[in-house]
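K.L.:
Sequence:
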Amino acid sequence: MASFNSAKSRSKLLTYLLVHTFSASVCFQLASAQPISKPTQEPVSPSENNTAPNQPVSDQALHVPPGYYSQTNQSLGALLTIYDAPSDNAAVVVQLPGDTILNSDGAQKQNNETLWQKVSLGEIEGWVRAQQIVRARPISFAGTDLPVLGVCGGTEPSWSIEWNSKTVTYAKITGLLNRLPVKSVVTEKDKATSQLTAQDDKVTIQMAITEKECSYTPLDSFVWGEAVATITETGQPPVTLMGCCRPVSDGYHTSTPPAQ
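Counting from 1 along the sequence shown, just add 93 to a position and that's the residue number in the numbering used here.
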């Protein structure tokens, strides 16, 4: 069994890869987050303003589909407040820019007249008003279910694979980068899985990205998106890598979908 120090090191490394290295846009958003004691940007109804500090929280199990969520208010300067409990009187964990893409396991709680939903981003975890977020809609890659931008990675060994509409970039912990042209993207809807293939004259990358909770991380918070990649280099046996994915905000629509 690995030692405590080894496990702790791997946890820190994965957190660095998923939250800091993989997505510069997410890093910028976190850097610009504004932790404050009480938010002022979000309107609160009179019934919420008059709520006593110890608001009753319903124990009824409420749930919506897990996955990626974004803020409904996309106006310039809009901030999304994350609390450490489903209550207006709870401590504010952080405020995030409007284009931040969040993970959510779909758990909800009713507190008086306010419905709350649990969200996470890396090691940040807390509650937001459910009416302020909506399922994030990806900008489809070649008509598939895969977002046009994204990144996945893992540890043991440490790796990351980032893609855009033309190029896949494979990075190792050593700093070695391989940039390969995209060959194909296919979505298997019955498995909620997209197959991404990139290839040049030396390396072939085949990665399956599945819409499900990812178990390949030591983080306690909910992580959505699981990846299994096979790397085949000339003269070397294929290497299989397993890890989790992180959305890139520019790969998702920022407008609220029209009412059905």
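Misleading hints may appear alongside valid ones.
Keeping only pairs whose Cα atoms sit at most 25 Å apart, straight-line, the calculated BS3-like set for lysine-lysine is [claimed, not checked]:
(1) Lys305 x Lys202
(2) Lys305 x Lys282
(3) Lys265 x Lys284
(4) Lys265 x Lys276
Ranges of calculated distance between the beta carbons of each label pair, as one might list FRET restraints [what the hints assert, rightly or not]:
(5) Glu206 x Thr165: 25 to 31 Å
(6) Thr323 x Val185: 40 to 46 Å
(7) Ser308 x Asn257: 24 to 30 Å
Calculated from the structure, these hints are not laboratory results. Don't be surprised by glycine CBs; every beta carbon is placed ideally from N, CA and C.
K.L.:
Next step is simple, just say for each hint if it's right about the structure.
P.N.:
We went through each hint and held it up to the structure:
1. For the hint linking lysine 305 to lysine 202, the alpha-carbon distance of about 22 Å falls within 25 Å, and the restraint holds.
2. Between the alpha carbons of lysine 305 and lysine 282 the distance comes to roughly 13 Å, so the proposed pair stays at or under 25 Å and holds.
3. With a CA separation close to 28 Å, the supplied pair lysine 265 and lysine 284 exceeds the 25 Å bound.
4. Restraint check for lysine 265 and lysine 276: satisfied, since their Cα atoms lie roughly 21 Å apart, inside the 25 Å limit.
5. The beta-carbon spacing between glutamate 206 and threonine 165, approximately 18 Å, falls outside the hinted interval of 25 to 31 Å.
6. Checked against the hint of 40 to 46 Å, the C-beta distance between threonine 323 and valine 185 comes to roughly 43 Å, which is consistent with it.
7. Under the hint 24 to 30 Å, the C-beta atoms of serine 308 and asparagine 257, about 27 Å apart, fit the expected range.
Hint compliance for this structure: hints 3, 5 are not met, and every other hint is.
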